[in-house]
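S.K.: Chain D: place on chain C using the hints.
Protein chains: 2
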Amino acid sequence: MASTALKMLVDVHSHVYLPRYTALLRSRTTVPLIKTLTTPDGKPDDRLLILDHEPSGGRPVGPQYWDRDEKLKFMDKHGIDVTVVSTANPWLDFLPPPEAHKLALELNEDLEQYCSSSPKVDAGNSTQIPRLFGFGLLPLVPEVSVSSLLESIKQISELPHLRGVIMGTRGVGKGLDDEALDPVWEAIEKAGLVVFVHPHYGVDPKAWGEKDNGHVLPLALGFPFETTTAITRLILAGVLDRFPSLKLLLAHSGGALPVLSSRLSSCVVHDPVVASRLKHDARYYIGKLYLDAVSYGPEEMGFASESIARAGRYENGSQETATQKALSVKRSLGSKRMMFGTDHPFFPPLSTTEKWKSVVENLQAIEEVQGWSEEDKDGVRGGNAVELFNLKA
Amino acid sequence: MASTALKMLVDVHSHVYLPRYTALLRSRTTVPLIKTLTTPDGKPDDRLLILDHEPSGGRPVGPQYWDRDEKLKFMDKHGIDVTVVSTANPWLDFLPPPEAHKLALELNEDLEQYCSSSPKVDAGNSTQIPRLFGFGLLPLVPEVSVSSLLESIKQISELPHLRGVIMGTRGVGKGLDDEALDPVWEAIEKAGLVVFVHPHYGVDPKAWGEKDNGHVLPLALGFPFETTTAITRLILAGVLDRFPSLKLLLAHSGGALPVLSSRLSSCVVHDPVVASRLKHDARYYIGKLYLDAVSYGPEEMGFASESIARAGRYENGSQETATQKALSVKRSLGSKRMMFGTDHPFFPPLSTTEKWKSVVENLQAIEEVQGWSEEDKDGVRGGNAVELFNLKA
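In order, the protein sequence lines correspond to chains C and D. If you use the numbering used here, the first sequence corresponds to residues 272 to 664, in order. If you use the numbering used here, the second sequence corresponds to residues 272 to 664, in order.
Pulled out of the complex, with its shape left as it was, chain C reads as follows (with noise of 0.2 Å):
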């Protein structure tokens, strides 16, 4: 299929605060929440607050978080063919379990609708396909029913135009390695849903100190921290030997995992315990998660394409010797399991009507690459997520 699809940019990371879960924002008086507050001239000014511990009161909040003409401007802006959109963090999180499950359900069926009609593209063979698909939720909260959560896994993949499930690294509050998640994972697995994970929480914020750096530290430190050790966990929790299919994409390119992923292994061989818990050596799970391309860099990009590409060498049981081992390390292999993303509309630029810096800087990256092939780079940009997500009308 691929060698006669147009040549497409997909967006994987992308979010939304759909107008039901907007209207939410703003009806409550505790974090997450949206205020408004009036400008010198008398304006509304419209001000979301997610995080615990939110710097400089606020980020600014407009039309780009919930009008969907405003995604698709900035789509034609960016010459992106389809996104797949999710909901941005903290989805249903901070909700008791009988609101979570309703408002899943009925978010699921708005953002079908969000996507179903939305305008078409061609997607070469005569085929047209829908601009936009999306990312579903679940009920991911403490104390909610397993029978909740997986109602709306089947759900999700009965909505045409959803392809997998955005989550936090929660669960149902114990963290992605906590057993009582097997039933979900088992779920989604069996329904081929790709499953973003996703970071919010970052790591206490004692951690960045006095200064003022605004959202600096949490957001280039935080947000990866969280998403390494969310995923660290579930690998160590033996998630990955237990379901072997399960389809992970990780976003800001996994953070720091594959850059830490030897220093893991080797922590692990120190302690039998652990190690005798897993089937392979830890960098072996890198090679079965998904990355966005939103690291800024193209060094980064390679460095994660590489972290990928090896780690067929640390499957127990290879036969490969050292110098086939360090031979078998082609970055082309790992970039099929790597994918363009914008985090649109977070990082606007500093004035409306220049291209966003952050997608430039993430297409540029990718385009300068070595030792990725031109092949390679279409693949990131658009082919390897019309095939995981399967694209077609």
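Keep in mind that a hint or two might mislead.
Unchecked claim - Calculated pairs, DSS-like style, for lysine-lysine (alpha carbon to alpha carbon, straight line, at most 27 Å): (1) Lys628(D) <-> Lys559(C); (2) Lys601(D) <-> Lys607(C); (3) Lys648(D) <-> Lys628(C); (4) Lys482(D) <-> Lys518(C); (5) Lys477(D) <-> Lys445(C); (6) Lys559(C) <-> Lys482(D); (7) Lys550(C) <-> Lys626(D); (8) Lys445(D) <-> Lys482(C); (9) Lys559(D) <-> Lys482(C); (10) Lys477(C) <-> Lys477(D); (11) Lys550(D) <-> Lys626(C); (12) Lys477(C) <-> Lys445(D); (13) Lys482(C) <-> Lys477(D); (14) Lys550(C) <-> Lys628(D); (15) Lys550(D) <-> Lys628(C); (16) Lys482(D) <-> Lys550(C); (17) Lys601(C) <-> Lys601(D); (18) Lys628(D) <-> Lys601(C); (19) Lys559(D) <-> Lys628(C); (20) Lys601(C) <-> Lys648(D).
Think of the hints as simulated: they come from the structure by calculation, not from any bench.
M.R.: For chain D alone, coordinates are given in the frame of chain C:
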């Protein structure tokens, strides 16, 4: 000098608890401490507890932590010619200022003695140099006086076998981005001492969840997260703009800092207040750092090397075009700031006769980095350390 010197293997990341420090740990009843249990067959069983939430009742500790003969035996076993030894964490962090001051001065004298009386090794050019050099200690604790810190820097710079200082990430209580440290950086820079920045605290252990993963998560992830955070804060506070000749050597290849540096740059650019404080793009500062080669994988080392090599692109006012910038990334260049290390006596092997896996892995990783010449590898194995620490008789 390097061209006529012998090829040496130099370990820049190797720890000791000197007898005076061990005695202090044995005398204590709160962490950090060494306690002596008894084995089922009646033998004494020393246990080291250094973390506030130490899992599994501490780790076995023995002569390798304090006996110089054990250090030399370890060096012989692995062909290490010279080691630059440093006190292991948590250094003097837990002491009141007068005790920290007194002990710093005493331990620096002890370490000088430990090194100066060590056996010698042929360093080429018909010269013999000691096999042991050292990093001294500063009394970096809350409410210490600047004069106390400056006194210990002066002492270290006058002790012939001490070539730097080791420090944690708390500074005098508020981290390494605290302006109170400016006189310390200034004196260290002037003395030409190398600062070995090493983690101890990790992150809030709530991040590790409820499963028992031994020491794996705090060591594999918490340590690098801590170093990454500390140096990022130092960079954002402009320390490397104010002290551009400061020589910072980061433990564990700088943790996640290189791989998150493009994301960091992007977050800084989107925050004009933070951006306006810095002279250069965040990635520029990676090129001012030195990294140990303790990351256990050739791809990790190659990437770290690239992150240093590319730093010149990001100097403010750099006139390179995009194409020149892409071409200018030569891993070779980055290797000059990387240095072999072992983390001895941590990560001991599971049996006593074998070579230490952690050492073998890091040496093999250096050997396998793609894009490093034999000369680059010799530099990482020893030549770079000989030059940085001026390892002469």
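S.K.: Hint check: lysine 550(C) vs lysine 626(D), CA-CA at most 27 Å. Holds or violated?
M.R.: This hinted pair holds, its Cα atoms lying about 25 Å apart.
S.K.: Is the straight-line distance between the alpha-carbon of lysine 477(D) and that of lysine 445(C) 27 Å or less?
M.R.: holds, 10 Å
S.K.: Check whether the Cα positions of lysine 445(D) and lysine 482(C) lie no farther apart than 27 Å.
M.R.: holds, 10 Å
S.K.: CA of lysine 601(D) to CA of lysine 607(C), is that 27 Å or under?
M.R.: The hint holds at about 25 Å.
S.K.: Does the alpha-carbon distance linking lysine 559(D) and lysine 482(C) stay inside the 27 Å limit?
M.R.: holds, 23 Å
S.K.: Taken at face value, is the distance from the CA of lysine 628(D) to the CA of lysine 550(C) at most 27 Å?
M.R.: Answer holds: lysine 550(C) to lysine 628(D) is near 20 Å, not above 27 Å.
S.K.: Are lysine 477(C) and lysine 445(D) close enough, with their CA atoms no more than 27 Å apart?
M.R.: holds, 10 Å
S.K.: Would you check the hint for lysine 648(D) and lysine 628(C), treating anything up to 27 Å between C-alpha atoms as holding?
M.R.: violated, 37 Å
S.K.: Can the restraint linking lysine 559(D) and lysine 628(C) be considered satisfied, given a maximum Cα separation of 27 Å?
M.R.: holds, 26 Å
S.K.: Take the C-alpha atoms of lysine 628(D) and lysine 601(C), compute the straight-line distance between them, and say whether it is at most 27 Å.
M.R.: holds, 26 Å
S.K.: Holds or violated: are the alpha carbons of lysine 482(C) and lysine 477(D) at most 27 Å from each other?
M.R.: Holds: lysine 482(C) and lysine 477(D) sit about 24 Å apart, inside 27 Å.
S.K.: Given the hint that lysine 477(C) pairs with lysine 477(D), test it: the Cα-Cα distance must not exceed 27 Å.
M.R.: holds, 13 Å
Hint check: a violation occurs at hint 3 only; the rest are consistent with the structure.
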